[in-house]
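Numbering-wise, the sequence shown is residues 1 to 258 according to this note's numbering.
There may be inaccurate statements among the hints.
Label-pair restraints from in silico Cβ distances [said to hold, decoys possible]:
| hint | residue 1 | residue 2 | range |
| --- | --- | --- | --- |
| 1 | N78 | G123 | 21 to 29 Å |
| 2 | L85 | T150 | 57 to 65 Å |
| 3 | L85 | C126 | 35 to 43 Å |
| 4 | P41 | S129 | 18 to 26 Å |
| 5 | D37 | R156 | 22 to 30 Å |
| 6 | G204 | P130 | 29 to 37 Å |
| 7 | C121 | A171 | 57 to 65 Å |
| 8 | Q89 | R156 | 52 to 60 Å |
To be clear, the hints were calculated from the coordinates, so they are not data collected in a lab. The beta-carbon is built from N, C-alpha and C at its ideal position, and this holds for glycine as well.
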Amino acid sequence: MRMIIAGLLLGTSLLANPAAHAATTIDTGSFTLGWSDGYYPNLFDMTVLSDSGGTVTIALHHAGPLADAAAGSPDNFNPSQGGDLGFTQLATTVHAGYRITSLALSASVNGAMFVGMPDHCPGTWCSVSPGYAENSGSFEWSLTQGGVPTALPGARIDNLEGQATLAQQAAVALQGAATLDLYTRVDARALGTLQNISNGEISGYRDFSSDAYLSMGDIVLTVQVAPVPEPSTYAMLLGGLALAGAAARRRRDAAGKR
């Protein structure tokens with residue numbers, strides 16, 4: 001009657017690049033990013049997956065829940081639930097001459113659910129108290145600059161069968177120092193099914209188990225960076241525009257005199 005959910009563990013992250021260097025602090029040349037706080041300081045590290053054209057993609061290892069959510073209930077009288085939370089805070093400093101214009105976050109989730117149910121009545125009369133299997137995964141994140149936190153759009157998925165990706169993107173205008181807080185969560189709940197059976201004066205019952213599972217991994221942060229012209233460059237641009245405007249006026253004045 002029992003279905004054992006197996007073979008769905010994410011295992012080693014496919015995002016790991018053997019040629020890339022994992023660290024708790026990275027410097028891309030346009031900004032620095034480092035671990036500041038979190039649940040797993042001895043496990044967390046980052047890997048720069050790519051850095052090209054103002055787009056930096058960073059794998060955040062062990063930034064999410066350390067354990068998978070799993071629940072297994074043998075009958076209709078013993079509900080089961082399981083889950084885990086993750087928290088990671090990153091500190092960033094944008095170098096002079098640059099600004100961060102966009103942040104994107106994604107995470108892979110893998111889930112399964114099974115509710116045991118009878119396929120026939122082995123008596124003259126039967127009733128069923130059905131069970132359930134549920135799972136969910138989510139992340140929330142916020143950006144704090146100058147002591148002012150700003151919530152960024154989070155993502156959530158419920159009752160997942162198979163694989164999916166949680167993803168969100170937010171436009172920002174970030175210069176100087178800031179912190180990024182990431183909260184992650186996985187949950188699973190299950191309750192088995194009860195079948196009551198009657199054969200006249202004799203009655204009985206059968207139990208059918210239920211299982212639920214969800215895991216989260218492969219958390220990736222994508223940062224969009226743009227150069228900011230220095231004040232001297234602004235002055236040169238304004239001066240050039242002024243000269244161009246003066247030349248255009250002289251041409252118009254000369255044309256009017258002819």
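Hint by hint, here is what the structure shows:
| no. | hint | in the structure |
| --- | --- | --- |
| 1 | N78 with G123: 21 to 29 Å | holds, 24 Å |
| 2 | L85 with T150: 57 to 65 Å | violated, 22 Å |
| 3 | L85 with C126: 35 to 43 Å | holds, 41 Å |
| 4 | P41 with S129: 18 to 26 Å | violated, 46 Å |
| 5 | D37 with R156: 22 to 30 Å | holds, 23 Å |
| 6 | G204 with P130: 29 to 37 Å | violated, 18 Å |
| 7 | C121 with A171: 57 to 65 Å | holds, 59 Å |
| 8 | Q89 with R156: 52 to 60 Å | violated, 21 Å |
Taken one by one, the earlier hints fail for this structure at numbers 2, 4, 6, 8, listed in ascending order.
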